[in-house]
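J.: Chains as they are written, first to last, in the numbering used here: chain A, 1 to 594; chain E, 1 to 594.
If you are wondering where the hints come from, they were derived from the structure by calculation, not from laboratory data. Just to be clear, a hint being listed does not mean it is correct.
Copies of one chain are not kept apart here, so a pair can be met inside one copy or by any two copies together.
[As the list claims (entries may be wrong)] For lysine to any residue, the following SDA-like pairs were computed, each having C-alpha atoms within a straight-line distance of at most 20 Å:
no.	residue 1	residue 2
1	K130	C286
2	K485	G440
3	K561	T456
The chain contents come next:
2 protein chains.
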Amino acid sequence: MARTEIEVLRKAMREHWIALCVIPTADPHGSEYPGGHFEARKYLSGFTGSAGTLAVSADWAGLWTDGRYFLQAERELFGSGITLYKMGEEGVPSLEEEIARRLPERGILAYDGTVVNRKLSQTLRSIAEKKDGRIRLIDLPEEVWEERPARMAKPVFALEACYAGESRKEKFSRVRKIMKREGADLHLVTALDDIAWLTNLRGSDIACNPVFFSYLVLSMEEAWLFVQEGAVSGDLERELLEDGIRVRPYERFFDELSPICRFKTVLADSGRVNERAWSQIRQTRCILDKPNPSAVMKAVKNPVEAENMKKVHVKDGVAVTRFLYWLKNNIGRRPVTERAAAAYLEACREKGEHYFGPSFPTIAAFGANGAVVHYGMEGEGDLLAPEGFLLVDSGGQYLEGTTDITRTIALGPLTAEQKRHFTAVLKGMLALGDAKFLQGCRGTNLDYVAREPLWTMGLDYQHGTGHGVGYFLNVHEGPNGFRWKLPPEGAETAVLLPGMVTSDEPGFYLEGEYGIRIENLLLCREAERNRYGRFLEFEHLTLVPVDLDAVDPGEMDERDKKRLNAYHERVWEALSPSFSGEELRWLREATRAI
Amino acid sequence: MARTEIEVLRKAMREHWIALCVIPTADPHGSEYPGGHFEARKYLSGFTGSAGTLAVSADWAGLWTDGRYFLQAERELFGSGITLYKMGEEGVPSLEEEIARRLPERGILAYDGTVVNRKLSQTLRSIAEKKDGRIRLIDLPEEVWEERPARMAKPVFALEACYAGESRKEKFSRVRKIMKREGADLHLVTALDDIAWLTNLRGSDIACNPVFFSYLVLSMEEAWLFVQEGAVSGDLERELLEDGIRVRPYERFFDELSPICRFKTVLADSGRVNERAWSQIRQTRCILDKPNPSAVMKAVKNPVEAENMKKVHVKDGVAVTRFLYWLKNNIGRRPVTERAAAAYLEACREKGEHYFGPSFPTIAAFGANGAVVHYGMEGEGDLLAPEGFLLVDSGGQYLEGTTDITRTIALGPLTAEQKRHFTAVLKGMLALGDAKFLQGCRGTNLDYVAREPLWTMGLDYQHGTGHGVGYFLNVHEGPNGFRWKLPPEGAETAVLLPGMVTSDEPGFYLEGEYGIRIENLLLCREAERNRYGRFLEFEHLTLVPVDLDAVDPGEMDERDKKRLNAYHERVWEALSPSFSGEELRWLREATRAI
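Please work from the sequences and hints to get the whole structure.
T.: Written out as structure tokens, the structure reads:
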């Protein structure tokens, strides 16, 4: 017996003569974490992970998700009648392959063109055409989801120069230079983080992501910013107008786009722009289908942003370290649940100035829960015991930037094997942080450095080693990243440049037993420039002790130890001024050289 | 004043109203080392390196070559009036960019369609069209090169099963399976090494490359092999006919190709097939432009080939080690030139069974010559002195496979810096050879491992870390390789598979002072298969001592030493049965643990 929500969906499909429908995890802007209104995939499937695509036919339903969520999806889909497709596993067909197989001849394939980007839409269309079928663009969830939440519409606010480091006029001018070089009259931006970065505006329409629902169209002289009613105050609207930005109603976007674009050459990214918007610009003179110029620009933090991010990591480091001290001193003395631990950490962060909230929902995973890579606790979660590991992955949003840190903490005695695994993960994290490389390298060139200690042991972690991080923006931000597989379309494999911030988070997960992940953010910077080229290196932004109770020094060679001790010395120097008494003594011990 | 040959070429260009002509380093088969008949670029420019493209207009001439040849090209082009374009250097325009800039409006761009592949031809054509110009396919060198050598036409011979490991019928059947899957009726193969591998035939039409001039067309039932007159004996022709291969005259290829292909779907690689042949198949029903299936097939050595390559490396290792012993014992005692050293090495190899000659011209580069990456000595070369380094890069062709090895030998006392550089190169070579990785990795994922010791010191070598190696075939063979830059079209970045043989040859070059390169061939093999996937590793095929006189143990950590000692122990075990007396004692010392 299938899940009720799926049965209701199937009824609606029958009414519309739809053979197969696709429900992605997406909003009209290709956001990684769509807000409640756009969580149809979660509502329909019951799978609560942040990434996944649901496809449903009359007699079958399938959900595709990646390695981070295999265990969680297995658990959450149990009994739902939905088949789990583990993406990237050998022999597992892709969404496209399975749809091509299951769509009947002359069948109708349906999806919501507002939340499916042009690129995927093209793929789906060609699958349907091969079957002599056709595409139907329809928001099916709207018909079956009775208590669908409304779209968020929180106030939009401007980021001051001391945080943004570059005015929106300067940013526009840089983008226009590229538009000119490419021969574009207009540039359509639909990605919310790109819009927020370009306009130096922030909002809070998506939990943990300080963005706001909007579309931006840029011409060589002016700009149109489509925002929700009431989101932009009169004062802000006037300020924007002075910078050549006309504020327009969000709901008018699809109607006004077509006349704005008529007879123009438009620069737009078919991997980000939704099918409905694309169909409006298709009638124009010419579309240059390229990545948004702002994608690389915002990834390269300017000097003000970089300095702020260094500062914010001291503030964030103090909060996380205070949490670690509390945790180490309370486990075994009083009952602490996963939820309580996460709450205490949040309370520590809240004491920090300019704190806006978490940059993603905190993962506090005890014991076997740690092996669920993106564990989402239910209720209070498990009660912590003075044994094994607690994995805590968390981050904060501050005016001075975004943080993302994972520490795995020994709550009690560990086995030799646990220490061996922890030390291998730590060695990989430190080795990657210590890499020195010629400019031109991509994350694919360096990912092996983090995996090497595990691969040598015949072990692996089934996720990328790192992702780009925004500045008081999304905690996951392209186009930089560390991964070894060449992903489709070069995602997260951009050339690494000074100013880019990338997470360095190898891990190890033993299903049913424990999970280990250690994550620092790395700032790329120039090391030296000589006849061989420009050498780059990383600076650890994250400043929080790594739990020495979990380290087996016997597994480390001199270079490994030197790296760890140098890092801990930096942590001590940065954080010690903020501590005193017992906490300070503990910090000294926690950052001691081994 | 420009070089005479260029002036004669310009005269011919004027007669044909040609504004700009391109002379690549190529034969009709895209061979890396075109034979004498096809060395027009060398004849015209005077640059003798193996790679380079010459372009000439009325008032300008340019030559593009890569990092291996920068120094050599600078020297050889001096006074020629030809500008050197260092490929891959910052700010250096590409051939295409420069042609686009220099071709006048409505100008005629000329090249020989028989030696330019379809892909490059398309690029050149579109450049000309943008200038409202046009393309003229003409063999200009034929008009200006009076003593042009004839094309080689040596006898073709069959490789026995104990060397090939798989019959030509089995190979054809594997290719036909792929043709069927792709929907191809025909497959056109023009790459000489692919043809030699597919047919289990060898020749000697190109120096050091045991291939023969030929074209192969494969249908689902039969095959046409176009070979030069007299190259295939009557007996061999009958043997081939039994396997469904019709031998046809090489000269008839362009005429017969078109009728064979009519109304057929043809699988062909536009990056390998020359423009003239492509224009014949263009009239057919459909062309599937894909890499030759045989490219990956021949890169993955079958068990017989792999075992033979292990054996041949003992034989080759004995020869090279004997040479090292002789060198170490004669330097400073009698005069030895670079040429004499190379000749002695060749004499050592010639004693080996089934030896067919060098796999490429030996590089024996003393002192500063070693910094010229692909140094080609003139006459006797320099006289060796009992000081500094001699870099020897050489290889052999045997029935049991192809070898390629570089050793850098201390001829006398070294400076601390020389030892430091040597040790860094050695550490990189050993670390890459010791890599363990999940199947799916490409050379781009692992290249950093070999460069890491140098990059850490702010140093680099300006060439790839390794290339694929054929089986009694070309010493440079795609599609596998180790490099960190993403090359155009993914060349040499194929997924590494068990059975592939790749060179591991980091180096360091100090212009005007010395060059260091240490090269072993690595055989990829399975390490273990578990829940995380299939882990692969390498086995050093090359078995020759690394000169311990040049190693600074203080620069090596325990892991580096363990790797070196394990390698030397293998060398000792494999080679010692072939030595006795003084040589044996020397070998024991040369392979001692440090």
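J.: Each hint: holds or not?
T.: Hints and how they fare:
1. K130 to C286: between (27 Å within a copy, 19 Å between copies)
2. K485 to G440: both (18 Å within a copy, 7 Å between copies)
3. K561 to T456: Answer is both; intra-copy 19 Å and inter-copy 17 Å each pass.
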